[in-house]
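K.L.:
Order-wise, the sequence lines are chains A and B.
If you count the first sequence from 1, position 71 lands on 71 in the UniProt record's numbering, and the numbers rise without skipping.
If you count the second sequence from 1, position 59 lands on 59 in the UniProt record's numbering, and the numbers rise without skipping.
For the record, the hints were derived by calculation from the structure and aren't laboratory data.
Keep in mind the model is a prediction, meaning the values are calculated, not measured.
Among these hints, one or two may not hold up.
In silico lysine to any residue, SDA-like type, Cα no more than 20 Å apart, as pairs [to be verified]:
{"hint": "1", "chain 1": "A", "residue 1": "LYS56", "chain 2": "A", "residue 2": "THR13"}
{"hint": "2", "chain 1": "B", "residue 1": "LYS56", "chain 2": "A", "residue 2": "ALA32"}
{"hint": "3", "chain 1": "B", "residue 1": "LYS56", "chain 2": "B", "residue 2": "SER31"}
{"hint": "4", "chain 1": "A", "residue 1": "LYS56", "chain 2": "A", "residue 2": "SER26"}
{"hint": "5", "chain 1": "A", "residue 1": "LYS56", "chain 2": "A", "residue 2": "SER8"}
{"hint": "6", "chain 1": "B", "residue 1": "LYS56", "chain 2": "B", "residue 2": "HIS125"}
{"hint": "7", "chain 1": "A", "residue 1": "LYS56", "chain 2": "B", "residue 2": "GLY29"}
{"hint": "8", "chain 1": "B", "residue 1": "LYS56", "chain 2": "B", "residue 2": "ASP37"}
{"hint": "9", "chain 1": "B", "residue 1": "LYS56", "chain 2": "B", "residue 2": "ILE67"}
{"hint": "10", "chain 1": "A", "residue 1": "LYS56", "chain 2": "A", "residue 2": "GLU15"}
{"hint": "11", "chain 1": "A", "residue 1": "LYS56", "chain 2": "B", "residue 2": "TYR30"}
{"hint": "12", "chain 1": "A", "residue 1": "LYS56", "chain 2": "B", "residue 2": "ILE67"}
{"hint": "13", "chain 1": "B", "residue 1": "LYS56", "chain 2": "B", "residue 2": "ALA32"}
{"hint": "14", "chain 1": "B", "residue 1": "LYS56", "chain 2": "A", "residue 2": "HIS28"}
{"hint": "15", "chain 1": "B", "residue 1": "LYS56", "chain 2": "A", "residue 2": "GLY39"}
{"hint": "16", "chain 1": "A", "residue 1": "LYS56", "chain 2": "B", "residue 2": "ASP37"}
{"hint": "17", "chain 1": "B", "residue 1": "LYS56", "chain 2": "A", "residue 2": "GLY29"}
{"hint": "18", "chain 1": "A", "residue 1": "LYS56", "chain 2": "B", "residue 2": "HIS28"}
{"hint": "19", "chain 1": "B", "residue 1": "LYS56", "chain 2": "A", "residue 2": "TYR30"}
If you want a taste of the chain A side facing chain B, the calculated C-beta under 7 Å gives, among others [as the list claims (entries may be wrong)]:
{"hint": "20", "residue": "SER31"}
{"hint": "21", "residue": "ALA32"}
{"hint": "22", "residue": "GLU114"}
{"hint": "23", "residue": "ALA119"}
{"hint": "24", "residue": "GLN120"}
{"hint": "25", "residue": "PHE129"}
{"hint": "26", "residue": "HIS132"}
{"hint": "27", "residue": "LEU164"}
{"hint": "28", "residue": "LEU177"}
{"hint": "29", "residue": "LEU179"}
{"hint": "30", "residue": "ASP198"}
Every residue, glycine too, gets a C-beta built ideally from N, C-alpha and C.
Number of protein chains: 2
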Amino acid sequence: MSKSDEGSVPPDTREDIMEATFRALSEHGYSALRMRDIGEEMEMTRQVIHYHYDGKQDLMSSFLEYIIDQYEGSVEVDGDAPPREELEARVHQCLFGPGFEEFSHWDRMKVYHELFTHAQNDEEHRAIFNEHYGRIRGSITEVVEDGIERGVFRDTDPERAGQLITDIIHAARGRKLSLGHDDAPEQAWRSIDEFVVDSLLADAERSDAERSDLDGSDA
Amino acid sequence: MSKSDEGSVPPDTREDIMEATFRALSEHGYSALRMRDIGEEMEMTRQVIHYHYDGKQDLMSSFLEYIIDQYEGSVEVDGDAPPREELEARVHQCLFGPGFEEFSHWDRMKVYHELFTHAQNDEEHRAIFNEHYGRIRGSITEVVEDGIERGVFRDTDPERAGQLITDIIHAARGRKLSLGHDDAPEQAWRSIDEFVVDSLLADAERSDAERSDLDGSDA
Chain A
1 MSKSDEGSVP PDTREDIMEA TFRALSEHGY SALRMRDIGE EMEMTRQVIH
51 YHYDGKQDLM SSFLEYIIDQ YEGSVEVDGD APPREELEAR VHQCLFGPGF
101 EEFSHWDRMK VYHELFTHAQ NDEEHRAIFN EHYGRIRGSI TEVVEDGIER
151 GVFRDTDPER AGQLITDIIH AARGRKLSLG HDDAPEQAWR SIDEFVVDSL
201 LADAERSDAE RSDLDGSDA
Chain B
1 MSKSDEGSVP PDTREDIMEA TFRALSEHGY SALRMRDIGE EMEMTRQVIH
51 YHYDGKQDLM SSFLEYIIDQ YEGSVEVDGD APPREELEAR VHQCLFGPGF
101 EEFSHWDRMK VYHELFTHAQ NDEEHRAIFN EHYGRIRGSI TEVVEDGIER
151 GVFRDTDPER AGQLITDIIH AARGRKLSLG HDDAPEQAWR SIDEFVVDSL
201 LADAERSDAE RSDLDGSDA
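In isolation and in its complexed conformation, chain A is listed as follows (with noise of 0.2 Å):
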């Protein structure tokens, strides 16, 4: 076990570790990021880094989950809107999330996005982004199942539903971030009411003999 766990570092030293471990990699980035970098950010000494953490890892490991927990904070929506309606507050969050902070959504999502790419080779980070994959698309798996329930979207897996506007989203962002499209998380949601929520909506009004003559999607 390492020494960050358990909640023993104080919530008003890890904050001001966690912040200048982002101002570091945003500056550096992953790879070329050293703790003295981190050092540099903070008006306490850099000793205390070295008291809470075992290093480099345990540092990262620790900020990972600090930026998703911003994250998945900025994804909590009121219950009780309409299934669509409540699957567009949802995506937004996920898309345009509010900043924290002296940095922007933006700012938060290039580190976290070179944090994804860097768990392909980092078993504990892989883990971690697992269990917070999870959480969102289980918050957008819940209102495609609260839709099916009520009648209002068709039979369909919701797991794969929230799955695929999970990806939808991760990608409209990577592409806005990597190369430049501003417009991409508007055309993310876009995509999603136009064919997953129509295919969603649509379908609740067919039977589904007609729909597998249609789709033949079974083959």
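Use these hints to put chain B onto chain A, whose structure you have.
P.N.:
Showing chain B alone in chain A's frame:
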């Protein structure tokens, strides 16, 4: 203009250098990569690299074009199938494309996704990825256009549909690589088929008035 422009590197030499770069990148990752790591993967003296390339940035841009050419080369498909089958063939090529030399499709894609994320910080790589993205999206868009012209798909913006499908492919690959979801590519095609192709096919059978009644997507 860099030394590597206009085909001045003999093809066999370029191939050797590119494959050495690929091996070194797979081992060290992009940010930690030094020119000498690439030299160590080559049979020829590493002076050959310095003779043909102006440093790491020039070499990496050339390498990015090399792996993109391989990827795009794998997406060539005969264009005479019905639109849904044609779409399936192209999406499958993007998701499961063949390996080259000693590396698999996924070894290639791992490096590709790392460079994609790094393009956040690199204008030259961003420009190369944008051209590539335009071609891949174009190859999907073309099939949607053809389906609309033949009356098999409903009337919609084919570029938006092409973009959505391209995004879903990209996200599924990223999920397999970063989160270890080995079934993500297979799920991606099933989702594209169930939702996007379903929506494209189904609405061709319904009137526009009925459609806007059902989904209210112009709201």
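K.L.:
Are the hints correct? Go through all of them and say.
P.N.:
Here is what the structure says about each hint:
For the given pair, A/LYS56 sits about 17 Å from A/THR13 by alpha-carbon distance, which is consistent with the 20 Å threshold. Under the criterion of a C-alpha separation no larger than 20 Å, the hint pairing B/LYS56 with A/ALA32 is consistent with the structure, at around 16 Å. In summary, the hint linking B/LYS56 to B/SER31 is supported, as the alpha carbons are separated by about 11 Å, within the 20 Å threshold. For a cut-off of 20 Å, the pair hint linking A/LYS56 to A/SER26 stands: about 16 Å separates their Cα positions.
Of the pairs offered as hints, the one joining A/LYS56 and A/SER8 holds, with about 18 Å between alpha carbons and a cut-off of 20 Å not exceeded. Annotation: proposed proximity of B/LYS56 to B/HIS125 holds, straight-line Cα distance about 13 Å (limit 20 Å). Using a Cα cut-off of 20 Å, the hinted pair A/LYS56 and B/GLY29 holds, with the two alpha carbons roughly 17 Å apart. At most 20 Å may separate the alpha-carbon atoms for a hinted pair to count; B/LYS56 and B/ASP37 meet this at roughly 11 Å.
A hinted pair counts as satisfied when its Cα atoms are at most 20 Å apart, and B/LYS56 with B/ILE67 qualifies at roughly 16 Å. Only pairs whose Cα atoms come within 20 Å are accepted, and A/LYS56 paired with A/GLU15 is accepted, the gap being roughly 17 Å. Between A/LYS56 and B/TYR30, the direct Cα distance comes to roughly 19 Å. Compliance with the 20 Å bound is thereby established for this hinted pair. For a cut-off of 20 Å, the pair hint linking A/LYS56 to B/ILE67 is broken: about 32 Å separates their Cα positions.
This hinted pair checks out: B/LYS56 and B/ALA32 have alpha carbons roughly 11 Å apart, not beyond 20 Å. With a CA separation close to 18 Å, the supplied pair B/LYS56 and A/HIS28 stays within the 20 Å bound. A threshold of 20 Å between alpha carbons decides the hint, and for B/LYS56 with A/GLY39 the separation of about 29 Å lies outside it, so the pair is violated. A C-alpha spacing of about 24 Å is found between A/LYS56 and B/ASP37, which places the hinted pair above 20 Å, so the restraint is violated.
A threshold of 20 Å between alpha carbons decides the hint, and for B/LYS56 with A/GLY29 the separation of about 17 Å falls inside it, so the pair holds. Distance hint between A/LYS56 and B/HIS28 is fulfilled; the C-alpha atoms sit about 18 Å from each other, no more than 20 Å. At most 20 Å may separate the alpha-carbon atoms for a hinted pair to count; B/LYS56 and A/TYR30 meet this at roughly 19 Å. Contact between A/SER31 and chain B, as hinted, is supported at the beta carbon level, the nearest pair being about 3 Å apart and thus within 7 Å.
Proximity of A/ALA32 to chain B holds as hinted, the smallest CB-CB distance being about 5 Å (cut-off 7 Å). With 7 Å as the threshold, the beta carbon of A/GLU114 comes within range of chain B, its nearest partner Cβ sitting at about 6 Å, so the hint holds. A least Cβ separation of about 4 Å between A/ALA119 and chain B falls short of the 7 Å threshold, and the interface hint therefore holds. Restraint check, A/GLN120 versus chain B: the minimum CB separation of about 5 Å is within 7 Å; hint holds.
Interface hint status for A/PHE129: upheld, as the beta-carbon distance to the closest one in chain B is roughly 6 Å, under 7 Å. Contact between A/HIS132 and chain B, as hinted, is not supported at the beta carbon level, the nearest pair being about 10 Å apart and thus beyond 7 Å. The restraint placing A/LEU164 at the interface with chain B holds, with a minimum CB-CB distance near 4 Å, inside the 7 Å limit. With a cut of 7 Å, the hint placing A/LEU177 at the interface with chain B holds, because the nearest CB-to-CB distance is about 5 Å.
Satisfaction of the interface hint for A/LEU179 is found here, the shortest Cβ-Cβ separation to chain B being roughly 5 Å, below the 7 Å cut-off. Annotation: interface hint on A/ASP198 holds; nearest CB of chain B at approximately 5 Å, less than 7 Å.
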